[in-house]
Structures are given as structure tokens and as C-alpha cells.
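Chains as they are written, first to last, in our numbering: chain A, 1 to 161; chain B, 162 to 683.
Among these hints, one or two may not hold up.
[Unchecked claim] Once the Cα atoms are required to be at most 27 Å apart in a straight line, the calculated DSSO-like pairs of lysine-lysine come out as: (1) A/LYS131 / B/LYS644; (2) A/LYS33 / B/LYS271; (3) A/LYS43 / B/LYS187; (4) B/LYS644 / A/LYS115; (5) B/LYS612 / A/LYS55; (6) A/LYS102 / B/LYS424; (7) A/LYS72 / B/LYS542; (8) B/LYS187 / B/LYS271; (9) A/LYS26 / B/LYS424; (10) A/LYS55 / B/LYS581; (11) A/LYS26 / B/LYS644; (12) A/LYS55 / B/LYS424; (13) A/LYS26 / A/LYS43; (14) A/LYS72 / B/LYS495; (15) A/LYS55 / B/LYS495; (16) A/LYS159 / B/LYS581; (17) A/LYS131 / B/LYS271; (18) B/LYS320 / A/LYS115; (19) A/LYS102 / B/LYS541; (20) A/LYS131 / A/LYS33; (21) B/LYS644 / A/LYS55.
Keep in mind the hints are simulated off the structure, nothing from the lab. For clarity, every value in this text was computed on a predicted model and none was experimentally measured.
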Amino acid sequence: MKKLLCLILASISIFSLSAQQLPDVKVENSEGKIISVRELVGKPLIICYWSITCKPCIQELMTILDQIEDWKAEADFEVLAVSVDDSRLKATAKAKSQVFNKDFICLFDANQDLKRAMNVSLTPQSFVVDKSGNIVYSHTGYTPGSEQELIDKVIELSKKR
Amino acid sequence: MKRLLFFAVALLCSFVASAQISLGEKGGVISGSIESNNIVYFNDKALSTPAPDTHFGSNDFIKVDYTLDRFSAGIQVETYLPALQGYEIGLYGNQFKVVTPMIYAQWQDKSYSVTLGNLYDQFGNGIIFRSFEDRQLGLNNSLLGLRATWNLGSYLSLKALYGRPRLYTNYQTCWAGGADLSLSLGDMFGFNKGSLFLEGSYVNRYEKMSAIASKNLLNLYSARINFDVAGVTFRSEYVGKGKDFIEGDKSGKAIYGEVGYAKSGFSFTAMGRMLDKMNTPLTMDGIGTGNTLNYLPALTRQYTYMLANLNPYQINAEGEIGGQADFYYSYRSKTNRYRYWNFHLNYSTYYTLHSGQSKSGARERLWQDINFDVERQWSKKLKTTFLFSMQEWNPYHGYHHRTYVSNIFVADVQYKFDRKKSLRVEAQYLLSAEHEGDWVAGLVEFNMAPKWSFFVSDMYNNGRGEIGTKKNYYSIGGSYTIKRTRIQLSYGRNRAGYICSGGVCRYSPEYNGINIAITSSF
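Please work from the sequences and hints to get the whole structure.
Set out below in C-alpha cells:
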């Protein structure tokens with residue numbers, strides 16, 4: 001076990017660091033159709049994982065919703081709200097998503113394939129993805145005010161064009 | 162020494178792992194995650210459960226994935242040093258354990274995919290099959306085997322899998338697998354104003370049984386019709402199950418139905434489910450919540466407030482009938498986006514199915530919850546939430562005609578001092594003349610975005626119920642987050658009860674201790 005852990009650590013340490021790509025995983029959209037999340041790449045994306053039982057996740061989405069008009073005036077981007085609710089709560093999550101599905105692209109990852117592929121251990125977790133599909137920023141947890149880092153990163157990406 | 166080593170490695174990895182790792186343009190990408198949950202237990206004279214002999218528990222996970230174009234592979238190693246108290250993995254020996262690594266290799270093409278290794282999947286609503294991991298519950302029933310999927314455009318998708326199921330830390334000698342077909346009739350007939358799917362699944366489990374069981378092979382099948390059109394959704398599933406030794410060598414069935422309507426800020430959903438002899442273990446030799454081939458969650462509201470979660474509903478797979486309904490309405494001011502109202506109303510109720518489930522032979526109520534919450538954002542700085550829930554539950558799973566009623570009141574206030582600092586306060590009261598009587602609880606949380614968060618909470622039973630305890634459950638802690646790494650430290654006395662995740666619950670004994678949790682991904 002000791003050897004295995006050291007091997008993993010050593011492997012991590014020797015490689016150069018750069019951006020991970022958004023994985024090519026299929027999820028359900030708000031119309032019930034199965035789409036590949038890579039199809040949504042094209043402009044900067046803010047990806048927020050949430051579930052019905054995750055209060056800070058919903059708080060983060062509602063705070064972004066408060067500010068979305070101001071943010072969109074500063075940069076062209078999309079927000080993906082990815083529900084990881086399983087079959088038990090998917091219907092409730094779809095109902096709840098009515099609050100923000102006009103402003104966000106709502107996705108439903110009921111089997112948590114995308115969550116697993118992006119190595120999300122706990123929610124809330126947010127990512128910023130550039131227009132080429134590279135993950136350029138991520139953050140675990142949500143405290144009021146931390147949403148500002150997401151838009152700052154998106155604005156930084158917009159300036160790089 | 163092992164503990165120290167793991168802590169050191171986990172902590173070091175957490176800091177090293179602040180970015181993803183690329184092996185060059187054609188070398189692929191390595192990503193992964195680390196999770197370490199540790200509790201140092203103390204003896205507490207006020208608690209009936211003594212601290213474990215080791216006074217320590219640690220559940221740890223390291224997952225590493227490699228992706229190169231359409232190919233991906235990964236490995237997950239778990240250690241239990243030993244398992245945290247209350248985790249059912251301890252039912253299989255609470256010794257120090259390193260679990261056989263979970264591995265997978267996958268080729269994902271445009272119209273097909275092949276996966277070899279540990280498989281996670283679900284057919285339909287999961288009533289006949291779901292393999293999944295839930296670390297909070299200590300549950301992982303993945304199949305070690307082969308899966309293939311194939312799509313014909315958007316018209317048809319087919320998948321099949323087969324393998325040996327994992328029960329906690331070991332793979333079983335039985336086999337499980339099946340196939341799932343989904344036809345998009347909407348796409349086939351050019352119906353573009355919505356979607357219409359006709360679906361079906363078949364699952365089997367093969368286990369060499371003793372002579373008294375009728376068969377070694379258990380068959381399950383399901384048929385589903387789902388459609389979405391103009392804001393209306395409809396989902397339905399019928400499940401048939403062959404004779405199973407666990408259900409007295411009798412066959413089972415389940416019916417699930419769901420309707421919903423949603424339009425600009427308003428939504429309504431209602432669902433109903435009947436379960437009849439649907440307990441389906443991975444193996445007859447296993448025990449624990451994790452010994453399940455299918456997924457039968459409680460279709461009720463799951464709360465995040467302490468007192469509303471004291472007595473969650475647990476399903477009765479041998480026989481229950483019931484459902485729940487949700488109503489949401491959101492109103493946001495057109496002149497000021499920072500001001501809005503959110504209303505939510507929920508109702509759920511469940512009853513026994515068979516006359517043999519109750520002493521009287523009559524259908525007994527197992528559960529009822531009438532609840533609503535109102536959320537009001539007054540300004541950029543102030544938000545309030547009020548929740549009420551009236552829960553009625555039967556502690557005898559319907560055998561006796563006796564239910565307990567709890568009325569729960571919650572007030573939640575959040576105030577933002579500036580862009581980074583905020584305070585959240587919860588006040589909760591549970592009013593009941595029965596069982597444990599009244600409870601009162603409170604929480605204060607102070608956040609300094611994006612890195613720091615601190616909390617203190619307390620929950621007290623006033624001892625006036627039938628088995629009131631006058632016990633105080635306190636907790637204090639904080640967390641530090643830097644990008645994708647989070648470290649949480651807390652100390653407190655924790656109440657015994659059911660830990661629920663995704664509608665599945667496991668019993669956790671009470672304890673007093675320090676909790677250290679580290680999560681990171683790269």
C-alpha cells in the first residue's frame with residue numbers, strides 16, 4: 001500500500017501541469033434528450049454541480065441568477081447547472097430547475113457519469129471551461145461571495161480573445 | 162504509522178494536485194481525486210455507545226483516471242484504517258483493510274462504447290438494476306465485468322453488461338447482468354415538439370442456491386413509456402420479478418408513475434409507486450444495506466435541516482404503496498433581480514400493501530409528510546427562509562396501528578456584510594408529545610469567501626417525551642478551501658440515527674469525537 005501511494009504521488013509530481021479537457025460524457029438535457037456535454041463547448045462555460053439536497057449548491061445557483069444580467073454584459077458565456085440527483089429526486093430537480101432554466105442550460109446526470117469523469121467528490125463544485133473545452137478553473141464548496149471568482153475567470157478568458 | 166503515512170501522502174497530494182496533468186499533446190491527461198474521512202473517538206459518559214477500541218476510524222479513497230482521445234482508464238484504491246464506526250463495511254470485519262483496487266478501461270466511440278472493469282450503471286428508474294457508489298453510506302455495488310453500448314443515431318440505444326457484483330470490500334461468487342433498450346419514437350416519426358421513448362430492460366442474477374430454493378437464476382424485466390411535450394412530462398414503469406428466495410420464493414412486481422407540468426417559474430410534479438416483494442439482494446449470503454442489486458429509494462422530501470431529518474422514511478420493499486407531490490412557484494421582481502420569492506409545497510404518504518404486514522390485517526399508514534417552505538430574498542444582503550413540516554411515521558413498519566407525529570419549524574436567516582463576509586443563522590424547533598418529545602436546535606455559520614467557513618451548532622432534547630433523553634448534541638468546526646482542495650475540522654457529540662443519502666439510509670451510532678475530512682481533485 002505504501003509503495004502504491006508513493007508511486008501515485010511520484011507520478012503526479014513528475015508530469016507537467018496543464019489543462020484537463022471537458023470529458024465526452026452523455027447527459028440528459030431539460031427536454032429529456034441525451035446529449036454529449038462536449039456539444040456545448042464553443043464559448044466559455046461555468047459548470048455548477050448541484051442537487052436538491054445540497055443547500056449551498058442551490059444558494060450558489062440563485063446567487064449567480066441574481067447577477068447573470070450584469071455578468072452577461074461583461075462577457076459572453078453560458079452557465080451549465082448539472083443536477084446529480086438520481087432517479088429518486090430527478091423529477092423534483094427538474095421541477096426546481098424551472099427557477100433558473102431560462103438563464104442556465106440545465107443538465108441531469110442521474111447516473112453521475114459526468115460527476116465521476118470530472119472527479120467531483122462532493123458538491124457544490126464549480127468549473128470554468130474555455131471555448132476550446134479546457135478546464136481552466138475549479139472550486140469546491142460554496143460560501144457567499146466565492147461566485148465572484150467564476151466571473152473573474154470568465155472575464156479573463158474573454159480578454160484573451 | 163500507517164495512519165500517519167496516509168495523512169502525509171493525502172495532504173501532500175492535495176497540495177500538489179492543484180491542477181490537471183497533461184502528458185503532452187499525444188500523451189493524454191491524468192486526473193483524479195482524493196478523499197479522506199477521519200474520526201478520533203472519545204469516551205463520553207452521557208452516551209450509551211462506547212468509543213471503539215481503536216479510538217480512530219479512517220475511510221480513504223484515491224482515484225486516478227487517464228484519458229487519451231476516445232480511450233480512458235482508471236483505478237480507485239480504498240483504505241479503511243479501520244472503517245469509521247457505523248459503516249456497514251465493519252459488518253465484514255472491522256480490521257484494517259485495503260480494498261482490492263477498482264479498475265476500468267473504456268473505449269468510447271461516436272456510436273458505441275466498450276467498458277471492461279468496474280461498472281456503474283442504471284436501467285430505467287433503477288427498480289430492477291442500479292450499480293453505484295455512495296461513500297457517505299459506505300456503499301459500492303459495482304459489477305466487475307464487461308459492458309457494451311450501441312446507438313443508432315438518436316433513434317435507438319442499446320446496452321448490455323455482465324459481471325460479478327461487489328459487496329462492500331469483496332466480490333461475490335454470483336453473477337449479475339442484463340440489457341437495456343431505448344427507442345425514441347419521437348425521433349423515428351419526426352415528432353419534434355417533444356420526445357417519446359419506449360424502453361425495456363432485462364436483468365438476471367445467477368447464484369448457486371441451496372436445495373430449498375426453487376431456482377439458481379433470478380429474472381427481472383421492466384417496460385417503460387416516457388414522454389415530454391409542451392411542458393408536460395410523463396414517466397411510467399412496470400417491473401416484474403421472478404421467484405426469489407429472499408421473498409419466500411415468491412415473485413414480485415413494481416409500478417411507478419410520474420406526471421409533471423412546468424412553465425416559467427411554476428412547476429408541479431406528482432409521482433406514485435407500488436412495491437411488492439421487490440427486495441433483491443446481490444447475494445443470499447450477504448447482509449447490510451449494500452447487499453442490493455436494485456435501487457428502491459424513499460420517494461419523500463429529503464431535508465438539509467437537522468430536526469427535519471431526525472426520523473426519515475425508510476422504504477418497505479416487501480410491500481408499500483404511496484407517492485409524493487411537489488409544487489414550486491418562483492416570483493422575481495422585474496425591476497430588481499435581487500428580490501424574489503420562492504414557494505415550495507410538498508406532500509408524501511405511504512401505506513402497507515398486504516394484509517399480512519399489519520397485525521389487524523388492515524392497510525396501515527407508514528408515513529405522511531405535509532411541508533412547505535417560503536424563501537424570500539429581500540435585498541442583496543438579506544435572505545430569509547421559513548419551513549414547516551408535519552411528519553407522521555410508524556415505528557413498527559405498519560405492524561401496529563401506532564404512529565408518531567412531529568411538527569417541525571425552521572427559520573433560516575442569511576446576511577451578507579460585504580462581498581466576502583456573510584452570516585447564516587438557523588433556529589429550529591420540533592414539537593411532539595410522543596416518542597422523544599420536543600427538540601430544539603440552532604446553528605450559526607460565518608463565512609469568509611472563498612476560503613474560510615466556521616460553524617457552531619447545538620441540538621437539545623427536552624426530555625418530556627415518552628423516551629425523552631435531555632441530551633445535548635453540540636458541534637463546532639470550520640473548513641478551509643483552496644480551489645479544489647477542502648479541509649474540514651470539527652468536534653462534537655453526534656446523535657445516533659439514520660444517515661440518508663439519495664433516499665437510502667444506514668444506521669449510525671452516537672459518538673463523541675473530532676472529525677477531519679480532506680477532499681481534493683486534480
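So, going through the hints one by one against the coordinates:
1. Our distance criterion of 27 Å between C-alpha atoms is met by A/LYS131 and B/LYS644, whose separation comes to about 21 Å.
2. A C-alpha spacing of about 16 Å is found between A/LYS33 and B/LYS271, which places the hinted pair at or below 27 Å, so the restraint holds.
3. Taking the CA atoms of A/LYS43 and B/LYS187, the gap is about 24 Å. The hint holds against a cut of 27 Å.
4. Of the supplied pair hints, the one linking B/LYS644 and A/LYS115 holds, its CA atoms being roughly 17 Å apart against a limit of 27 Å.
5. In summary, the hint linking B/LYS612 to A/LYS55 is supported, as the alpha carbons are separated by about 18 Å, within the 27 Å threshold.
6. For the proposed pair A/LYS102 and B/LYS424, the alpha carbon gap of about 10 Å is at most 27 Å, so the pair holds.
7. Of the pairs offered as hints, the one joining A/LYS72 and B/LYS542 holds, with about 22 Å between alpha carbons and a cut-off of 27 Å not exceeded.
8. Distance hint between B/LYS187 and B/LYS271 is fulfilled; the C-alpha atoms sit about 20 Å from each other, no more than 27 Å.
9. With a C-alpha separation of about 26 Å, the suggested pair A/LYS26 and B/LYS424 falls inside the 27 Å cut-off, and the hint holds.
10. Only pairs whose Cα atoms come within 27 Å are accepted, and A/LYS55 paired with B/LYS581 is accepted, the gap being roughly 18 Å.
11. Among the hinted pairs, A/LYS26 with B/LYS644 is consistent with the structure: their alpha-carbon atoms are about 26 Å apart, no more than 27 Å.
12. The hinted pair formed by A/LYS55 and B/LYS424 meets the criterion: a straight-line CA distance of about 23 Å does not exceed 27 Å.
13. Among the hinted pairs, A/LYS26 with A/LYS43 is consistent with the structure: their alpha-carbon atoms are about 19 Å apart, no more than 27 Å.
14. Only pairs whose Cα atoms come within 27 Å are accepted, and A/LYS72 paired with B/LYS495 is accepted, the gap being roughly 17 Å.
15. A threshold of 27 Å between alpha carbons decides the hint, and for A/LYS55 with B/LYS495 the separation of about 25 Å falls inside it, so the pair holds.
16. Our distance criterion of 27 Å between C-alpha atoms is met by A/LYS159 and B/LYS581, whose separation comes to about 25 Å.
17. A threshold of 27 Å between alpha carbons decides the hint, and for A/LYS131 with B/LYS271 the separation of about 21 Å falls inside it, so the pair holds.
18. The suggested pairing of B/LYS320 with A/LYS115 holds, with an alpha-carbon distance near 20 Å, which does not exceed 27 Å.
19. Restraint check for A/LYS102 and B/LYS541: the C-alpha separation of about 21 Å stays at or below 27 Å, so the hint holds.
20. Note on A/LYS131 and A/LYS33: the hinted pairing holds, with a Cα-Cα distance of about 23 Å set against a maximum of 27 Å.
21. With a C-alpha separation of about 20 Å, the suggested pairing of B/LYS644 with A/LYS55 holds against the 27 Å cut-off.
The structure is consistent with each of the numbered hints, conforming to all of them.
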